[in-house]
Amino acid sequence: MSKVFGTKPNTKLVLPLAVSAALISTGPAVAQTLEEVIVVATKREQGVMDVPLAITALSGDFIEDTNLNDVKDLISYTPGVSGNSQDSYIDAVSIRGVRTQDFGVGGDPSSAFFKNDLYEGRNGSAVTSLFDVERAEILRGPQGFLFGRNSIGGAFSVHTRKAEIGSNDAFIDFDFGQREHAVFEGAVNIPINDSFAMRLAGYSSHEEGFAKNVFSGRDEIDHSKKAIRWSTRYESDALSIDTVVDWEDRKQSGSMYRAIDKGDIWDALDGYIVDDTTINGNNQQIDSDLEGGDADIGDLLTIGVFVEYDLGFATLNSNTGYKDHDYYYSEDYDGTSLNINNFQFEQSGQYFQQELRLTSNDDGPLSWYTGVSYYDEDLDAEFTAIGSEDLMCQYYLNYYAEYYGYEFYSGCSDYYTDFYPSADGNLVETGMLKGKYSGWAAYVNLDYQVTDELVASVGVRYTKDDKDFGILVPEPESYLGPYFTYGFATAE
-2 MSKVFGTKPN
8 TKLVLPLAVS
18 AALISTGPAV
28 AQTLEEVIVV
38 ATKREQGVMD
48 VPLAITALSG
58 DFIEDTNLND
68 VKDLISYTPG
78 VSGNSQDSYI
88 DAVSIRGVRT
98 QDFGVGGDPS
108 SAFFKNDLYE
118 GRNGSAVTSL
128 FDVERAEILR
138 GPQGFLFGRN
148 SIGGAFSVHT
158 RKAEIGSNDA
168 FIDFDFGQRE
178 HAVFEGAVNI
188 PINDSFAMRL
198 AGYSSHEEGF
208 AKNVFSGRDE
218 IDHSKKAIRW
228 STRYESDALS
238 IDTVVDWEDR
248 KQSGSMYRAI
258 DKGDIWDALD
268 GYIVDDTTIN
278 GNNQQIDSDL
288 EGGDADIGDL
298 LTIGVFVEYD
308 LGFATLNSNT
318 GYKDHDYYYS
328 EDYDGTSLNI
338 NNFQFEQSGQ
348 YFQQELRLTS
358 NDDGPLSWYT
368 GVSYYDEDLD
378 AEFTAIGSED
388 LMCQYYLNYY
398 AEYYGYEFYS
408 GCSDYYTDFY
418 PSADGNLVET
428 GMLKGKYSGW
438 AAYVNLDYQV
448 TDELVASVGV
458 RYTKDDKDFG
468 ILVPEPESYL
478 GPYFTYGFAT
488 AE
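Numbering-wise, the sequence shown is residues -2 to 489 according to the working numbering.
FYI, nobody ran anything at the bench for these hints, they're computed from the structure. Built from N, CA and C at the ideal position, the CB exists for glycine as well. Any given hint could turn out to be false.
Computed spacing ranges between beta-carbons, pair by pair [to be verified]:
#1 271 / 466: 40 to 46 Å
#2 170 / 453: 43 to 49 Å
#3 453 / 260: 52 to 58 Å
#4 428 / 77: 30 to 36 Å
#5 187 / 296: 53 to 59 Å
#6 363 / 460: 44 to 50 Å
Build out the structure end to end from the sequences listed, making use of the hints.
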C-alpha cells in the first residue's frame, strides 16, 4: 500500500448505513443518531430507514473519504457480499451465498449493476470509476420486481451528482503518494439561467506498478484511468430533464498469478515438463512469461436522458440510456515463466434501454406505480488461449512415457517424425462469439399503509427475453489440433 496524501483532511468519520427491515421498528433513538439518507431503491424517494429491504447506503462523501475507486470496491463495504478484485474482469460476486459467474457474453448474472438507472451487466462495461457520486445503494436479496432481470441475488445501484440550478459550487481534490501515485477529481456546477444548469466533472488516477516481474523486469499492477462526465438539467413548473454523458478510458494490469510450487497438482506438472519449472523471486514478486504485462483496457461511453413530468395525480418518468464499450483483457493464468496458458479476451458492445414509469402522488394510504421497459444489446467477443506446443507435448506424452517406461520427450518432434511447428511455436485456440439480446417487461405495484409501521404490498411483473447467440471455434493452426486442458491450476 502506498502512502496517500490529500489536499483536504478527513475531519469527520462517516459510517455506511446498513439498514434492513428489522431496523424500521427500532424507534426514535436510531433516527436521532443516524443522519437521514434519501434513496430510490423502491422507485420512489424514501429515507433509508423507511425502506423495507436489506440495503446498504453509502454517501458520496463516504465513497470519497474512503478512496473507493470503482463499483467493485462497494463489495468490500457491504455485509454479506464478497467477490472484489482489483481489475475490471468480474470473476464472481456472491450476495448472501447466491453466487454468480455469468458476467460474460452468453450468460446473465444473478447480481445486477446499475449506474443512474442504466443496467451495466457485462465484463468490460459493468466496472466504472467512482467520482462525483451522490450515493450508492446496495440491495441484498431478490430484487427481480424492482430492478428486473438478473437481480435474484441483489443489485448495486450508483447515482452520480446531477447539475443543480442556482448553484455555483465547485471542488478540486488532488492526492499524491509513492510510486508516482496521483489522483485528481474535480467538478464545477454552472447555472445558465433560472431553468437550466450544467455540471462538468473529471477524474484521473495513475500509479506505477509495485509487484516486480522477475521474468520481464517490469513492475506490474499499475493503472492509468481518465474519465469525464457532462450533466445538464432543465426545470419548469411540471417538467424536469436531466442528461448525462459519461466517458472513461482505463489502462491497468489484469489479475496477477504466482503458481504454488507444491502439492499434487504442481507435482504432476513438474514431473512431466522437461523444461525448467522453477518459480523465481519471492512471494511478493511475479514470474510471468507475459512480457507485455497483463492488460485490462477499456473505453466506455454512456449517454442518459431522464425526464420527469408531474401530471398531478401521478409523476411520469422516462429513462433512456445508451452504452458503447470496447474492452481487452489478458492474463498469464498459469502463473509461471513458461508459456503454458495465456488467456486473452476482447469484446465490443452496444446497449440501449428505455423505461416509462408512472408513480402515484396521492398522500392517502394507497400508493402505486406501474411501468414498461425495453432493452436491446449487441455483443461481439473473442476468447483466446495460448500455449507452447512443445510444453503441451511434454505434459501429455511424458505422462504415457512414464506409464510405459519410455524415455521422456523434450518436444513434439521427438514423438512426431513429421511434426511441423506453428509459426511462433504456439497452439492458439480461439472462440469467436456473437450475441444479440432484446427484451421487454411490464409491471405494476400496489402499497397499502395498514398502520404506521405496517405496509402491505403486492406486485406483478411480466418479462419476455429474446436471445440469439452463436459461437465459432475454428480449427487451431497447429499440427496438434484441438486444444486439451492441462489440468493445471495456480492454486489447489
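Quick rundown of the hints versus the structure:
no.	hint	verdict
1	271 / 466: 40 to 46 Å	holds, 41 Å
2	170 / 453: 43 to 49 Å	holds, 46 Å
3	453 / 260: 52 to 58 Å	holds, 56 Å
4	428 / 77: 30 to 36 Å	holds, 35 Å
5	187 / 296: 53 to 59 Å	violated, 27 Å
6	363 / 460: 44 to 50 Å	violated, 25 Å
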